[in-house]
Amino acid sequence: MTVEGTAARKPRRSVKRTSASATKGRAGAQAPATEPQLVQLLTPEGERVTHPEYAIDLGPEELRGLYRDMVLTRRFDAEATALQRQGELGLWASLLGQEAAQIGSGRALRDDDYVFPTYREHGVAWCRGVDPANLLGMFRGVNHGGWDPNSNNFHLYTIVIGSQTLHATGYAMGVAKDGADSAVIAYFGDGASSQGDVAEAFTFSAVYNAPVVFFCQNNQWAISEPTERQTRVPLYQRAQGYGFPGVRVDGNDVLACLAVTRWALERARRGEGPTLVEAFTYRMGAHTTSDDPTRYRLDDERAAWEAKDPILRLRALLEKEGHADAAFFEELEAESETLGKRVREAVRTMPDPDDMAMFDHTYADGHALVDEERAQFAAYQASFADSEGN
Amino acid sequence: MTVEGTAARKPRRSVKRTSASATKGRAGAQAPATEPQLVQLLTPEGERVTHPEYAIDLGPEELRGLYRDMVLTRRFDAEATALQRQGELGLWASLLGQEAAQIGSGRALRDDDYVFPTYREHGVAWCRGVDPANLLGMFRGVNHGGWDPNSNNFHLYTIVIGSQTLHATGYAMGVAKDGADSAVIAYFGDGASSQGDVAEAFTFSAVYNAPVVFFCQNNQWAISEPTERQTRVPLYQRAQGYGFPGVRVDGNDVLACLAVTRWALERARRGEGPTLVEAFTYRMGAHTTSDDPTRYRLDDERAAWEAKDPILRLRALLEKEGHADAAFFEELEAESETLGKRVREAVRTMPDPDDMAMFDHTYADGHALVDEERAQFAAYQASFADSEGN
Amino acid sequence: MAVTKMPLAKALNESLRTALETDPKVLIMGEDVGKLGGVFRITDGLQKDFGEDRVIDTPLAESGIVGTAIGLALRGYRPVVEIQFDGFVFPAYDQIVTQLAKMHARALGTVKMPVVVRIPYGGGIGAVEHHSESPESLFAHVAGLKVVSPSNSSDGYWMLQQAIQSDDPVIFFEPKRRYWDKGEVDTEAIPGELHKARVARGGTDLTLAAYGPMVKVCLEAAAAAEEEGRSIEVVDLRSVSPIDFDTLQASVERTRRLVVVHEAPVFFGSGAEIAARITERCFYHLEAPVLRVGGYHAPYPPARLEEEYLPGLDRVLDAVDRALAY
Amino acid sequence: MAVTKMPLAKALNESLRTALETDPKVLIMGEDVGKLGGVFRITDGLQKDFGEDRVIDTPLAESGIVGTAIGLALRGYRPVVEIQFDGFVFPAYDQIVTQLAKMHARALGTVKMPVVVRIPYGGGIGAVEHHSESPESLFAHVAGLKVVSPSNSSDGYWMLQQAIQSDDPVIFFEPKRRYWDKGEVDTEAIPGELHKARVARGGTDLTLAAYGPMVKVCLEAAAAAEEEGRSIEVVDLRSVSPIDFDTLQASVERTRRLVVVHEAPVFFGSGAEIAARITERCFYHLEAPVLRVGGYHAPYPPARLEEEYLPGLDRVLDAVDRALAY
Ligand SMILES: Cc1ncc(C[n+]2csc(CCOP(=O)(O)OP(=O)(O)O)c2C)c(N)n1
Ligand SMILES: Cc1ncc(C[n+]2csc(CCOP(=O)(O)OP(=O)(O)O)c2C)c(N)n1
Ligand SMILES: [Mg+2]
Ligand SMILES: [Mg+2]
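Residue numbers (my numbering), protein chains in the order written: chain E, 1 to 390; chain W, 1 to 390; chain Y, 1 to 326; chain U, 1 to 326.
It should be emphasised that the hints constitute simulated quantities derived from the structure, not laboratory data.
The structure displayed is predicted, hence computed values, not measured ones.
Where a beta carbon is used, it is the ideal one built from N, C-alpha and C, also for glycine.
There could be a bad hint or two in this list.
When the alpha-carbon atoms are kept at most 16 Å apart in a straight line, the in silico EDC-like pairs for lysine to aspartate or glutamate are as follows [claimed, not checked]:
no., chain 1, residue 1, chain 2, residue 2
1, U, 112, W, 148
2, Y, 35, W, 292
3, Y, 25, E, 178
4, W, 320, W, 88
5, U, 112, W, 365
6, Y, 196, E, 62
7, Y, 112, E, 228
8, U, 112, U, 167
9, Y, 112, E, 360
10, U, 25, U, 52
11, U, 25, W, 61
12, Y, 25, Y, 228
13, U, 35, E, 228
14, W, 341, W, 45
15, U, 196, U, 227
16, Y, 35, W, 330
17, U, 35, E, 148
18, Y, 112, E, 365
19, U, 196, W, 365
Label pairs and their calculated CB-CB ranges [unchecked claim]:
no., chain 1, residue 1, chain 2, residue 2, range
20, W, 150, E, 356, 39 to 47 Å
21, W, 375, U, 193, 14 to 22 Å
22, W, 322, E, 228, 51 to 59 Å
23, E, 59, W, 266, 54 to 62 Å
24, Y, 281, W, 372, 23 to 31 Å
25, Y, 322, W, 338, 48 to 56 Å
26, U, 226, W, 375, 51 to 59 Å
27, E, 228, U, 253, 58 to 66 Å
28, E, 383, Y, 227, 45 to 53 Å
Residues from chain U that keep clear of chain W, each with C-beta distances beyond 12 Å, as calculated [to be verified]:
no., residue
29, 5
30, 112
31, 144
32, 193
33, 196
34, 200
35, 312
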């Protein structure tokens with residue numbers, strides 16, 4: 001059940017000294033004795049397996065629901081990539097390959113829980129009921145996010161790597177202060193694990209026992225850098241040194257992601273504090289549409305991960321167990337088409353912001369300089385209208 | 001052999017939820033099974049004890065040397081505190097109680113090793129041969145440090161908490177690049193462990209396998225905040241999640257500090273990468289001369305730690321084993337007096353910097369604006385001389 | 001009785017107390033703000049009276065403090081964050097500039113960021129490195145932040161009240177060397193606007209503009225100049241973003257000369273912005289270029305040099321002389 | 001042949017290659033600078049040719065990158081650090097401001113800090129948030145740093161050479177939207193001084209001052225103005241700290257009018273410092289106040305608004321008109 005994701009990759013070490021037993025120290029060192037255990041409930045072949053600690057019991061409808069979420073999310077993502085190629089979007093950050101991690105964790109959430117995403121959590125947004133078209137505004141360049149985070153308890157996409165983990169921690173501190181039993185989840189990547197802010201979020205959440213789940217999608221790459229550039233031990237182990245549990249889950253197994261996230265959220269609700277979940281997955285596509293992964297990684301790595309596809313394995317289960325018939329898959333195909341069409345139309349008809357909009361919302365209570373600049377700009381714009389009028 | 005430093009203190013938790021099993025998660029959580037083991041080689045009563053992993057074999061002369069270092073360091077420190085009271089220094093950060101941690105680790109170093117201190121490492125400076133009077137310049141307000149770091153491989157005191165751990169890591173990366181077998185040691189406090197920079201230093205040093213020892217003096221307090229405000233598990237465990245060993249040592253036991261630091265430095269030299277050493281000790285005095293610890297801590301805590309005094313326990317050993325006679329102690333007393341006098345004189349005769357000095361050393365290669373401002377200031381100063389001359 | 005004479009430090013403490021009493025969403029966060037009451041005792045007694053849930057000792061990590069304050073604000077709280085000294089705000093700079101300042105705009109106005117970042121700033125107290133700096137320019141340049149600095153006890157009380165009530169992030173610079181200066185505070189007076197300048201002393205020959213710690217120096221300079229027969233107006237700007245250029249312009253149109261004084265280095269300091277804008281607004285009124293008195297382009301020097309480094313009475317009067325010589 | 005026409009990106013790449021070849025102490029560090037060659041390919045091919053020991057992919061942590069670069073400099077190396085985009089320099093701001101800038105002074109000159117921080121900056125490429133900012137003011141205000149920005153390929157090559165050779169920390173702002181503009185580079189020419197301005201186009205009626213990406217806009221504006229019979233001088237400042245006020249003063253004394261153009265917000269921007277100082281130096285020469293054209297006091301807007309936000313030909317000419325109307 002163990003997945004050796006990066007074992008085949010050549011180690012990159014700029015230091016030439018003998019790199020001996022890295023984690024095996026002497027007394028007090030407490031080096032991990034065993035290889036990381038990957039929690040898995042559904043094998044790449046679509047077999048249900050059990051795990052001593054994490055169980056899940058889902059009926060056919062729920063399984064179909066998860067499948068539908070993943071398929072539609074992938075379709076939306078593909079549509080966005082296409083829209084970028086057509087020049088309708090300036091950029092797109094694809095989640096291809098990470099559907100299980102996002103749908104599994106996203107479907108573990110309650111409505112009153114709160115999500116702090118990175119810029120790639122389109123699947124989680126889907127679970128929260130955020131209109132997919134809303135996510136495209138920032139990639140089209142009409143806004144910097146612009147949905148109301150409170151309408152779906154889904155915070156704005158955050159681009160500065162790691163920052164949102166502190167916002168999530170603070171929000172969770174507030175939840176605890178309110179005496180609510182909601183939980184908060186913060187998404188971040190393997191690359192982000194190196195940012196000081198993420199470490200500080202671990203410290204604050206542990207010290208204040210904040211009800212937050214840190215959900216790290218280790219997709220093996222931070223743009224061109226493999227995970228070895230960020231850590232030399234599995235990332236889930238990071239939590240331990242801050243005094244809370246860390247778990248590594250098969251990030252391409254939607255059932256395991258759901259089960260482990262649910263468990264972590266329940267811990268948070270019960271007042272047991274933070275948890276780190278590392279979803280071990282793979283970025284199947286480029287970092288963004290601007291990226292060229294052929295410069296830094298080999299095709300066979302991708303091929304190996306294709307065999308672990310999160311959607312195919314759930315489909316295999318559904319078919320094997322007779323939970324879904326041909327009609328279901330056909331209907332879903334049609335639904336995908338409709339979604340694609342809706343997204344395309346929404347993007348193509350998305351209005352450009354008004355020029356004057358750049359003076360809005362810098363402040364809630366106003367600012368004399370902004371008023372002055374707005375007026376000057378309006379007069380300047382008007383001067384063209386005048387000369388055109390002449 | 002276990003010291004329970006903070007066990008008696010009331011936990012401070014602003015969150016009122018049930019704080020259940022914090023670190024005991026389920027599978028994958030890998031919570032530490034045992035209570036932290038404190039490496040100790042000399043008990044508070046002055047008994048030599050052995051440790052299965054860390055041995056040390058010192059002759060009488062070496063033991064007397066360590067004793068002398070600690071006594072003179074404490075004397076220097078007391079003198080500086082007195083000088084602050086007399087108005088000769090603006091501020092002083094006393095190391096009282098931390099002599100063993102500093103002398104033990106400081107004496108483990110080779111000449112070619114490099115030290116990155118905080119602002120409290122007067123004992124380490126002593127081991128490096130830095131003139132104690134040099135340390136007082138910044139506290140008197142005549143400079144911001146001002147010694148040449150390279151003359152004793154002892155970097156300048158760093159005040160911005162945690163910053164120096166990254167400098168140490170970078171320096172160590174350079175040592176490795178040079179193919180040298182020197183090691184680097186970075187000092188920091190329990191409070192500093194929360195800074196993002198320290199976490200980033202852990203990441204960089206692990207990824208590049210840098211020959212650096214992180215030496216954390218956990219003196220239980222960051223100004224008024226007890227260690228529980230920074231972490232809920234022992235600090236030495238932090239290392240593990242970054243992939244290198246952490247050890248907790250009795251920071252009031254100079255022999256154990258020496259043995260453990262030596263071991264960690266040797267690991268670095270052998271190319272085995274970073275180590276975290278947590279020296280479990282106590283800040284006997286105020287944070288600095290500006291601080292009033294009666295506002296936040298109880299006298300009996302201090303009293304409990306007095307029984308563990310690092311100097312008294314080594315003296316007990318020296319006397320018990322007949323390694324030092326009355327003459328030795330008398331001579332040392334005299335030497336202390338001389339040192340005190342020398343420091344007093346050095347401070348009182350320390351010249352104020354020339355006014356124009358503030359325009360020096362902002363840049364190595366010069367800067368037109370600085371030249372302009374220097375000239376203007378000189379003219380401005382001269383205008384007074386002129387009018388006085390009239 | 002609502003009018004009391006108290007030091008600035010006490011006025012700030014009272015203001016925080018009032019805020020905690022009035023609004024259950026107000027929180028105090030920072031290093032050593034609890035039992036110790038902060039290194040300057042501005043939060044003295046507050047944890048005792050309002051509990052550890054509202055007056056929160058934080059881990060030693062400034063980015064963490066501001067980052068979690070942002071999260072708390074998103075949850076509906078109104079955190080008042082203390083940074084221990086000016087030189088220690090930089091670990092939080094990223095959260096302040098990329099998150100705190102931009103969140104409201106990023107959300108197209110759907111969320112608010114009522115966070116106050118209190119920073120004791122400036123020199124003159126004989127401190128070691130990083131404890132005497134004046135980084136206000138580095139915040140004023142950043143859209144989305146408001147930046148203010150009181151010069152006296154009454155403003156300390158009221159401006160802090162208003163900053164806490166503001167739905168925008170406010171960087172609140174407290175002139176630490178004025179903490180112990182006493183002034184009257186009327187806790188029932190109706191305060192003026194937070195971002196409005198105040199003519200602290202009337203005059204006809206030249207305007208001195210300052211804020212925070214330098215207002216006192218300017219008032220002393222004006223008094224000294226009076227003995228030489230010169231009538232100097234002093235404008236206490238109070239706010240560095242926005243700057244109340246209307247009040248300043250009105251003053252300069254009358255006096256026709258302006259000297260700006262601040263502790264921060266002159267190069268790219270607030271004096272630059274003020275000089276540029278007032279020159280544009282008052283081009284035909286100015287008899288002399290706007291002169292600037294401030295810190296030099298060097299790291300804040302060791303304590304024994306700070307008297308030379310800081311703008312004092314003589315340097316201000318020297319600039320006044322030079323401006324009047326045009 | 002030493003003279004070649006190449007895009008700015010290539011000139012920078014060649015300059016780094018030369019530095020790596022010439023001085024074994026030079027290192028390149030940053031996110032994705034290795035195999036990928038950086039997101040803008042400025043370090044393309046360098047890791048392949050100089051190895052992972054000298055062209056170092058770092059963990060994703062800007063404070064760590066600059067902090068370890070400082071340590072490497074203390075060990076005798078000369079690190080050239082790449083920050084991926086302008087908006088991501090802030091996590092490193094603390095190390096830059098409190099450590100990199102101050103180390104030489106703190107050590108009373110006994111250690112040097114030859115670290116170059118390369119930052120692709122500015123807008124105009126249709127990017128998402130944090131990828132189009134111009135934060136140069138936030139560095140120029142800080143003593144101990146030098147700040148420069150080339151506007152063309154030749155300057156890109158030579159100024160980077162000189163920055164790497166400098167014993168002071170240099171913040172090297174690369175105008176990312178000019179990366180693909182071609183210009184001649186003579187790799188054997190003897191370069192001018194790093195911090196000296198250059199008169200890019202002579203003129204008699206007004207001076208336009210700019211640096212980095214705005215030099216091209218100003219040259220275009222000058223050309224357009226010529227058609228209307230106006231003779232505009234364009235000064236490429238090249239350096240923002242120090243600023244070559246002598247060259248600028250000489251120009252303004254002749255033209256008697258100055259407009260400063262930059263992408264960064266006007267408020268507390270470099271135009272403020274330039275306006276204040278040139279007004280002081282040229283008080284009796286100026287026929288009009290120094291005018292400033294720059295960004296607005298708002299977060300850099302989404303891509304579809306950036307054309308409105310950025311100073312373009314029309315806004316520069318509008319300011320020229322206004323200055324000439326005095
Ligand atoms: C502070 C900061 N530095 C650099 C970047 C540029 N950048 C954007 S994404 C990225 C890699 C992120 O990797 P990871 O955290 O693994 O997330 P992933 O993209 O793989 O989902 C980088 C370096 C950034 N956005 N923020
Ligand atoms: C970045 C930063 N924030 C705050 C401070 C103020 N400060 C100085 S010492 C200190 C406590 C440090 O505690 P610790 O790391 O445990 O070291 P100790 O003083 O106990 O040796 C604080 C908060 C600082 N110097 N730097
Ligand atoms: Mg990744
Ligand atoms: Mg401590």
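Checked hints:
Of the pairs offered as hints, the one joining residue 112 (chain U) and residue 148 (chain W) holds, with about 11 Å between alpha carbons and a cut-off of 16 Å not exceeded. Simply put, residue 35 (chain Y) and residue 292 (chain W) have alpha-carbon atoms about 11 Å apart, close enough for the 16 Å limit, and the pair holds. Restraint check for residue 25 (chain Y) and residue 178 (chain E): the C-alpha separation of about 10 Å stays at or below 16 Å, so the hint holds. The suggested pairing of residue 320 (chain W) with residue 88 (chain W) is violated, with an alpha-carbon distance near 40 Å, which exceeds 16 Å.
Distance hint between residue 112 (chain U) and residue 365 (chain W) is fulfilled; the C-alpha atoms sit about 10 Å from each other, no more than 16 Å. Proposed proximity of residue 196 (chain Y) and residue 62 (chain E) is contradicted: the alpha carbons are some 60 Å apart, above 16 Å. With a C-alpha separation of about 39 Å, the suggested pairing of residue 112 (chain Y) with residue 228 (chain E) is violated against the 16 Å cut-off. A threshold of 16 Å between alpha carbons decides the hint, and for residue 112 (chain U) with residue 167 (chain U) the separation of about 6 Å falls inside it, so the pair holds.
Using a Cα cut-off of 16 Å, the hinted pair residue 112 (chain Y) and residue 360 (chain E) holds, with the two alpha carbons roughly 13 Å apart. A distance of roughly 14 Å separates the Cα atoms of residue 25 (chain U) and residue 52 (chain U); the hinted pair therefore holds under the 16 Å criterion. Restraint check for residue 25 (chain U) and residue 61 (chain W): not satisfied, since their Cα atoms lie roughly 43 Å apart, outside the 16 Å limit. Our distance criterion of 16 Å between C-alpha atoms is broken by residue 25 (chain Y) and residue 228 (chain Y), whose separation comes to about 53 Å.
With a C-alpha separation of about 14 Å, the suggested pair residue 35 (chain U) and residue 228 (chain E) falls inside the 16 Å cut-off, and the hint holds. Of the supplied pair hints, the one linking residue 341 (chain W) and residue 45 (chain W) is violated, its CA atoms being roughly 32 Å apart against a limit of 16 Å. Between residue 196 (chain U) and residue 227 (chain U) the CA atoms are separated by roughly 30 Å; this puts the pair beyond 16 Å, and the hint is violated. For the hint pairing residue 35 (chain Y) with residue 330 (chain W), the CA-to-CA distance comes to about 43 Å; that exceeds 16 Å, so the pair is violated.
Distance hint between residue 35 (chain U) and residue 148 (chain E) is unfulfilled; the C-alpha atoms sit about 40 Å from each other, more than 16 Å. For the hint pairing residue 112 (chain Y) with residue 365 (chain E), the CA-to-CA distance comes to about 10 Å; that is within 16 Å, so the pair holds. Note on residue 196 (chain U) and residue 365 (chain W): the hinted pairing holds, with a Cα-Cα distance of about 14 Å set against a maximum of 16 Å. Against the hinted window of 39 to 47 Å, the Cβ-Cβ separation of residue 150 (chain W) and residue 356 (chain E) comes to about 58 Å, which falls outside the hint.
A hinted range of 14 to 22 Å for the beta carbons of residue 375 (chain W) and residue 193 (chain U) is consistent with their spacing of about 19 Å. In this structure, residue 322 (chain W) and residue 228 (chain E) meet the distance hint of 51 to 59 Å, their C-beta atoms being roughly 55 Å apart. Remark: the range hint 54 to 62 Å for residue 59 (chain E) to residue 266 (chain W) is upheld by a beta-carbon distance near 60 Å. Residue 281 (chain Y) and residue 372 (chain W) have their C-beta atoms about 27 Å apart, which keeps the hinted 23 to 31 Å range intact.
Residue 322 (chain Y) and residue 338 (chain W) have their C-beta atoms about 55 Å apart, which keeps the hinted 48 to 56 Å range intact. The hinted range of 51 to 59 Å is not satisfied by residue 226 (chain U) and residue 375 (chain W), whose Cβ atoms lie roughly 40 Å apart. Distance hint check for residue 228 (chain E) and residue 253 (chain U): the Cβ-Cβ separation is about 60 Å, which falls inside the suggested range of 58 to 66 Å. In this structure the supplied range 45 to 53 Å holds for residue 383 (chain E) paired with residue 227 (chain Y), their Cβ-Cβ distance being about 52 Å.
No Cβ of chain W approaches the Cβ of residue 5 (chain U) within 12 Å, the least distance being about 31 Å, so the stated non-interface status holds. A Cβ of chain W approaches the Cβ of residue 112 (chain U) within 12 Å, the least distance being about 5 Å, so the stated non-interface status is violated. Taking the minimum C-beta to C-beta distance to chain W, about 6 Å, the non-interface status of residue 144 (chain U) is violated against the 12 Å cut. Listed as outside the interface, residue 193 (chain U) is inconsistent with that label: its C-beta sits roughly 10 Å from the nearest C-beta of chain W, within the 12 Å cut-off.
The Cβ of residue 196 (chain U) sits about 9 Å from the closest Cβ of chain W, inside the 12 Å cut-off, so the non-interface label is violated. Even its closest Cβ contact with chain W, about 20 Å, leaves residue 200 (chain U) beyond 12 Å, as expected for a residue assigned away from the interface. With a least CB separation of 31 Å from chain W, residue 312 (chain U) remains clear of the 12 Å interface cut-off, as annotated.
In this structure, the hints that do not hold are numbers 4, 6, 7, 11, 12, 14, 15, 16, 17, 20, 26, 30, 31, 32 and 33, in rising order.
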